[in-house]
Amino acid sequence: METLSAADASAGAQADWLGLAATLGRTFDARAPEIDASGQFVSANYDDLRAQRFFAAAVPQELGGAGLSHQELGAVLRELGKYCGSTALAFAMHTHPVATAAWRWRNQQAPVEGLLKRVAGEQIVLLGSGGSDWLQGSGKATRVDGGFRVDARKIFASGAPAADLFMTCAVHDDPETGPTVLHFALPMKSPGVRVLSNWHTLGMRGTGSHDVLLEGVLVPDTAIAARRPQGVWHPMMHTVAMIALPLIYAVYVGVAEAARDIALQLARQRRLSAHAVEAAGRLCNEADAAQLALDAMFAAASGQAPGAVTTNRIMCARTLAARAVLATVEAAMDLAGGAGFYRDAGLERRFRDAQGARFHPLQAGAQQEYAGRMALGLDIDAPPGEVRPAAQ
1 METLSAADAS
11 AGAQADWLGL
21 AATLGRTFDA
31 RAPEIDASGQ
41 FVSANYDDLR
51 AQRFFAAAVP
61 QELGGAGLSH
71 QELGAVLREL
81 GKYCGSTALA
91 FAMHTHPVAT
101 AAWRWRNQQA
111 PVEGLLKRVA
121 GEQIVLLGSG
131 GSDWLQGSGK
141 ATRVDGGFRV
151 DARKIFASGA
161 PAADLFMTCA
171 VHDDPETGPT
181 VLHFALPMKS
191 PGVRVLSNWH
201 TLGMRGTGSH
211 DVLLEGVLVP
221 DTAIAARRPQ
231 GVWHPMMHTV
241 AMIALPLIYA
251 VYVGVAEAAR
261 DIALQLARQR
271 RLSAHAVEAA
281 GRLCNEADAA
291 QLALDAMFAA
301 ASGQAPGAVT
311 TNRIMCARTL
321 AARAVLATVE
331 AAMDLAGGAG
341 FYRDAGLERR
351 FRDAQGARFH
361 PLQAGAQQEY
371 AGRMALGLDI
381 DAPPGEVRPA
391 AQ
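Oh and the sequence shown: position 161 is 161 in the numbering used here, straight run, nothing missing.
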């Protein structure tokens, strides 16, 4: 494998992380067919990322990390997505909680310095359950002496086989305030934590997004990092939406760009009909649309504070990005024809991996309801189907 030291690349204000991602990506691309066929976790790729200190990329320089900006992290994830969608997506699920913590440390003076220093110094890998929990949360937190007993089954835990710390939550039926979502970080080696081997999927097969079972896990009061009412848009969730969603969809745009490039290469190898030329144009239009939607997500994140308006812009662009990514890989299959049906071409893997773009929050129906409520001046926290004006 080609080697390029991240320490060398870090000279100057901006490291050549894109070049390093491309160098690693070529190795990941060579491994991807076997990973895809077997469904094994991308452990060797994680080892390579760790060796080049990618897991500390989002940590501020003052705390020992590379200090990459939000947009720079997105560019790295997009580049990795061109080579191995599974590696890029699993890595994104570590990167976005680190980037969120870094944003909160810099902008809200949140007490997360210890976590960020551990990520930089020890290169611990974070695992999140936010996408599957979202506003409602999941699992049961029962009050016990000194803390809570947590029982839960967390789905879509991408990167679970390599994770050190689980950033998750559970719901406590508080007798005074009602159902309350408790957020906490849980070492993966804690008694009662078990990773199930059940990630057998259409695409993104190497992410290791197994269910994580929590059985009678004891979480002390001191470990509770945040509390929020169940089912409503707490400021913390607006921050997560602002930071996480652009990073996640950067991966899918990279996958779509790779599909475009493969299809164009295959098309150039045969006689081109007028239909094929038109299909190539449609393909490029859709890929450009995905890129523009992603740019809009990062622009919204950089130009606004987290809140209902920013979330609306982010989520609208998320729907447009997902739609364009799916249209891109479909157009790529149309242009490539039968040649794209063969695994060796690498196109059908990108087609399958791209389908995951459908499933991250807010999915299209929920996003459109949110946008409609914002446009009509309605309460975004009202239960689905209930119409009431927003509080003034």
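One thing to keep in mind: the hints can contain errors.
Label-pair distances were calculated between CB atoms; the ranges are [to be verified]:
#1 Glu369 with Glu122: 38 to 48 angstroms
#2 Arg227 with Gln71: 28 to 38 angstroms
#3 Ala390 with Glu62: 31 to 41 angstroms
#4 Thr177 with Ala30: 46 to 56 angstroms
Worth flagging that the hints you see were computed from the coordinates, not collected in a lab.
Cβ atoms here follow ideal geometry from the backbone N, Cα and C, with glycine treated the same way.
Tested hints:
no., hint, in the structure
1, Glu369 with Glu122: 38 to 48 angstroms, "holds, 42 angstroms"
2, Arg227 with Gln71: 28 to 38 angstroms, "holds, 32 angstroms"
3, Ala390 with Glu62: 31 to 41 angstroms, "holds, 39 angstroms"
4, Thr177 with Ala30: 46 to 56 angstroms, "holds, 53 angstroms"
This entry satisfies every hint, going by the numbered hints stated previously.
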